[in-house]
Amino acid sequence: MKYLDEFRDPALAEKLLQEIRQTATRKWVMMEVCGGQTHSIIRNGIDQLLPDTIELIHGPGCPVCVTPLEVIDQALAIATRPEVIFCSFGDMLRVPGSEKDLFRVKSEGADVRIVYSPLDALKIARENPDREVVFFGIGFETTAPANGMAVFQALQQGLKNFSMLVSHALVPPAIEAILQSPTNRVQAFLAAGHVCSVMGYWQYIPLAEKYRVPIVVTGFEPLDILEGIRRAVQQLEAGRHDVENAYPRAVQLKGNQPAQKMLAEVFAVRDMKWRGIGVIPQSGWELRETYRDFDAAARFRVGDIHTQESPLCRSGEVLQGLIKPNECAAFGKECSPQTPLGATMVSSEGACAAYFQYGRFLTLDKIQVQ
Amino acid sequence: MTNTLNFENWTCPLPLRDQPNIILGHGGGGKLSSDLVKHLFLPAFRNEVLESLGDAAVFTLNGARVAMSTDSFVVRPLFFPGGNIGDLAVNGTVNDLSMSGARPVYISAGFILEEGLPLEMLGYIVSSMAAAAKIAGVQLITGDTKVVDKGHGDGVYINTTGLGLIPKGVDIGPKKAQPGDVVLVSGTIGDHGMAIMSVREGLGFETADNNTPLQSDTAALNGLVTDMLAACPNIHVLRDPTRGGVASSLNEIAHSSQVGILLEESKIPVNPAVRSACELLGMDPIFVANEGKLLAIVPPGCEEAVLSAMHRHPLGARATTIGQVISQHPGLLLVRTGLGGTRVVAMQIGEQLPRIC
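In order, the protein sequences belong to chains A and B.
What the first sequence shows, in this note's numbering, is residues 1 to 370, in sequence order.
What the second sequence shows, in this note's numbering, is residues 1001 to 1357, in sequence order.
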């Protein structure tokens, strides 16, 4: 495939890997910000080809994962209403709210549909004037322009039966929050190429300066990622902390300005809760006043659903190996596979679920949790 | 405020596994499907024949080794580039039998028709079935018709049963893969699933060379299997990777045989249009359904003979070796990537979903 195969060439990848191996003289920790990059790293086995000197930390740039629990619960409440056709990108259907996911409410009779673009949801709204059509508008700066366009068009066309449940997150404030965290180990960032293709990368220049951290705008194909890592290592070894663009075929300093204009027209910045992380100031978008009529949370009065992630759950410490599942006070009491408080109890592969099913007093290495 | 943020403990929320209702994923050929079989159907009906969990049940009747399989077809739309629900039903049934090494002989068909279905449409579907049966050399010997209220079905559902005879000396089954065996595929993967998706979702993927729509690969594989068995009666495993794709089939074989399977990603043939469509949707062809392809696991000594027999058959013209069976990592499917890294390819929980990014 043109523009893809060129960036998957094994011989060139090996050359970049060699250079990374030779350049890195000590251990460096870097974060690939975007979930798409993480996916590509794992899918291509890049993590195993890198030398031990490079540690990649997977960043919080997965829109599905960071969408707050309460927004999923709001989505489920809206989707359950009989007059609603609830439209979503496919992979949101499987994300659990506090009790259910969209697949389950669909099986209970809700009209939940997978669409490939928010503009498809607009079309469904035009074709079903007697139904309320709601689009689940999640994601980062990358998916925001199309979502903004859908709301913009809905206003232009006077579509009264369309609305959007908006939970848009912004990348630069999250990077800054990571850098301010007292436990931060990240020494360099591979910035998310697709976000930068929309927003540009000028925002990162003051961040790199202030926190003295190299930031390399990086694409998604194997060679893009290796080139991003190579440049980050070069900077770290040389003691530099610049912003570099290693994805120039898609990204310019100022980004896509017509898209930004659309975003500024439709969205306003607000504080945002990130699932599993917490509230990051000024890290999200909501609909501006002009477009409030299209806000599904207000239209269906679900704005007062405020689900808290359980304060009892210590899955984070379990995942880090700091405590055993049965050392958590909620284990087997408030928390079980039927009523999970955290991800580790949700999945049958999770450490807590494995403990629950296979005996509470065995050690993890005996269970061989994968 | 940022001091209270939790970046160390951050994880992805994992999908729910314990669903109290049937969700679409239970029919996706992934873990939900297999859980349903293992925890509901198998305990209820447990017997020796069922326990082998092959594409077809294999048993002895009056001295003859018989293969029997059943399948239901609920494809939407009923007509798609390359076929329709009728020839798909015949070919699918024939293929399930063929994967046990059986020569398919008879099939049955139960039709569940929705009130209002144009008779002309049913006529077309039935004549496609007849044509497919003729090509495959099977006879449809019994059937049933039911009609449901309008709105209670998608036009036509077809349920089939197939019966075949297994020749002497043939012993094929999901438990028979051995370390050292090689893994063959009969041609490009993912064609059927992406062709259906292309028309169902109105995406309209076309091939690059002549702008024709992406075609389903639906075809009966019994002729190809006969030629392969003639070249090497000692084929260990055959499987047609339908829903859940190559990844689910090989995961099941790795699990049943308690071996590891290592694929070379660069050797897996994928039609360029399928590859592009998968890239666009964030899907992996290795999980996409096929309806006219087979996977064969054969002893290393047979590799060349089987491959050349496949190459002589029109449905195996692009057959190739894609991997091998290994003794390490029993129960797991591994893929060596184009760059030389490896990754574990686990079964999907339900069906593969288009990714947001």
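Please keep in mind that the hints were generated in silico from the structure rather than gathered at the bench.
Do not rely on the hints blindly, as some may be mistaken.
[Unchecked claim] Below, in silico cross-link-like pairs of lysine-lysine (BS3-like), each with a Cα-Cα straight-line distance of 27 Å or less:
1. A:K254 - A:K210
2. A:K15 - A:K2
3. A:K27 - A:K254
4. A:K15 - B:K1267
5. A:K27 - A:K15
6. B:K1150 - B:K1267
7. B:K1175 - B:K1267
8. B:K1267 - A:K123
9. B:K1267 - A:K2
[Claimed, not checked] Just a few of them, taken from the derived set where beta-carbon distance is under 8 Å, the chain A residues facing chain B:
10. A11
11. L16
12. R43
13. G45
14. Q48
15. L49
16. P51
17. Y116
18. L155
19. A177
20. S181
21. E237
22. A238
23. I280
Each residue gets a CB set at the ideal place from its N, CA and C atoms; glycine is no exception.
Each hint, compared with the structure:
Only pairs whose Cα atoms come within 27 Å are accepted, and A:K254 paired with A:K210 is accepted, the gap being roughly 20 Å. For the hint linking A:K15 to A:K2, the alpha-carbon distance of about 21 Å falls within 27 Å, and the restraint holds. A hinted pair counts as satisfied when its Cα atoms are at most 27 Å apart, and A:K27 with A:K254 does not qualify at roughly 33 Å. The hinted pair formed by A:K15 and B:K1267 meets the criterion: a straight-line CA distance of about 22 Å does not exceed 27 Å.
This hinted pair checks out: A:K27 and A:K15 have alpha carbons roughly 20 Å apart, not beyond 27 Å. In summary, the hint linking B:K1150 to B:K1267 is not supported, as the alpha carbons are separated by about 47 Å, beyond the 27 Å threshold. Using a Cα cut-off of 27 Å, the hinted pair B:K1175 and B:K1267 holds, with the two alpha carbons roughly 25 Å apart. About 41 Å separates the Cα atoms of B:K1267 and A:K123, which puts this hinted pair outside 27 Å; it is violated.
At roughly 19 Å between alpha-carbon atoms, B:K1267 and A:K2 fall within 27 Å of each other, so this suggested pair holds. Below 8 Å, beta-carbon pairs count as interface contacts, and A:A11 has none with chain B, the closest being about 10 Å; its hint is therefore violated. Contact between A:L16 and chain B, as hinted, is not supported at the beta carbon level, the nearest pair being about 10 Å apart and thus beyond 8 Å. Because the beta carbon of A:R43 sits about 6 Å from the nearest beta carbon in chain B, less than 8 Å, this interface hint is met.
At its closest, the beta carbon of A:G45 sits 2 Å from a beta carbon of chain B; the interface hint therefore holds under the 8 Å criterion. For A:Q48, the suggested interface contact is upheld, since its CB lies about 5 Å from the closest CB of chain B, less than 8 Å. Using the Cβ-Cβ criterion of 8 Å, the hint placing A:L49 at the interface with chain B is satisfied: the shortest such distance is roughly 5 Å. Checking A:P51 against chain B by beta carbon gives a least distance of about 13 Å; that is not within 8 Å, so the hint is violated.
The interface hint given for A:Y116 holds, since its Cβ lies 7 Å from the closest Cβ of chain B, which is under the 8 Å cut-off. Restraint check, A:L155 versus chain B: the minimum CB separation of about 24 Å is more than 8 Å; hint violated. At about 5 Å, the closest approach between the beta carbon of A:A177 and any beta carbon in chain B falls short of 8 Å, and the interface hint on this residue holds. For the restraint placing A:S181 at the interface with chain B, the shortest Cβ-Cβ distance is roughly 5 Å, inside the 8 Å limit, so the hint holds.
Here the hint on A:E237 is broken, as its CB sits about 24 Å from the closest CB of chain B, past 8 Å. A hinted interface residue such as A:A238 counts as satisfied when its beta carbon comes closer than 8 Å to some beta carbon of chain B; here the least separation is about 27 Å, so the hint is violated. With a least beta-carbon distance of about 7 Å to chain B, the hint placing A:I280 at the interface is held under the 8 Å criterion.
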